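For the record, the sequence lines run as chains A and B.
Numbering-wise (this note's numbering), the first sequence opens with residue 35 and increments by one.
Numbering-wise (this note's numbering), the second sequence opens with residue 35 and increments by one.
Don't take each hint at face value.
No copy is singled out in the list; a pair is fine if it fits within one copy or between any two copies.
Claimed, not checked - DSS-like, lysine-lysine: derived pairs with alpha carbons at most 30 Å apart: (1) K73 - K123; (2) K37 - K129; (3) K60 - K73; (4) K118 - K135; (5) K60 - K135; (6) K132 - K60.
FYI, nobody ran anything at the bench for these hints, they're computed from the structure.
Computed from a predicted model, the values in this text were never measured in an experiment.
Number of protein chains: 2
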Amino acid sequence: MIKSTHIIFDFFYEGEMPHIEQLMDKAIESVGELTIVDKFHHYFNPQGLSLVYILAESHISIHTWEEYNYISIDMYTCGEVSPKNTLDKFLEKIKITKHNKQIITRGV
Amino acid sequence: MIKSTHIIFDFFYEGEMPHIEQLMDKAIESVGELTIVDKFHHYFNPQGLSLVYILAESHISIHTWEEYNYISIDMYTCGEVSPKNTLDKFLEKIKITKHNKQIITRGV
Chain A
35 MIKSTHIIFD FFYEGEMPHI EQLMDKAIES VGELTIVDKF HHYFNPQGLS
85 LVYILAESHI SIHTWEEYNY ISIDMYTCGE VSPKNTLDKF LEKIKITKHN
135 KQIITRGV
Chain B
35 MIKSTHIIFD FFYEGEMPHI EQLMDKAIES VGELTIVDKF HHYFNPQGLS
85 LVYILAESHI SIHTWEEYNY ISIDMYTCGE VSPKNTLDKF LEKIKITKHN
135 KQIITRGV
C-alpha cells in the first residue's frame, strides 16, 4: 500500500547554469498536478544550491554543482499522481548533454 | 562521474510514532560519516512531518504518515561515503513491521 513514484534525474548541462527555481516553479504551475506547501533553500559557499520543495504529494529536491555543470533531481510523489509531466516541462528549456533517469516505484 | 548512493527505506512501524529527528540526529552524530549543514521542517495539519537534512554529501528526507504508522526515508550521498551505516543506526530502536529497502546507484 501507499504506492508512490520517485523519479531520479541526474544530468550535465551546457552553457549557463539554468534558473532552476524559476523553471521548476513555472513547470509546477503550468502542469498543475503537484501542490507546493513549502520551499527551502541552502546556498553552499562558494557555489552550489540545494533546493527542496515540500509538496502535498511528498517532495522535490534539486542539488546543483556549477563547477561540474551538473544537477541532480529527485521527484517523489505519493498516490496516483506522477511527477513525470512536471519534470518534462521543467527540462524543456535546459540544454542537457548527458543524463541518467531512473523511475522507482516505492511503497511497502 | 559523480557516482553517488541513494537509499530508499519505506516502512510501517508498531506502537508510538518514533522520535525520528532525535534518532536521526543521534545516528548521524554517533556514526560520524555524514555532515549536517542545514535542517528543514514542515508540519502538516492535523499530522505528518516532512523533515529534510541538507548534508555536505547531499540530503536526507523523512516523511511521516502517523495515520498509517508509515514513514518514508531517502538518504542520498555523493562520492565515496554511503548512508548505509547511518540508516542502520537510525533504525536500531524502531519496531518495524514491514519495509521496502531500495539501494540505487546514481550518477551520469
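Tested hints:
no. : hint        : verdict
1   : K73 - K123  : both (19 Å within a copy, 29 Å between copies)
2   : K37 - K129  : between (32 Å within a copy, 21 Å between copies)
3   : K60 - K73   : both (14 Å within a copy, 26 Å between copies)
4   : K118 - K135 : both (11 Å within a copy, 23 Å between copies)
5   : K60 - K135  : within (21 Å within a copy, 33 Å between copies)
6   : K132 - K60  : within (23 Å within a copy, 38 Å between copies)
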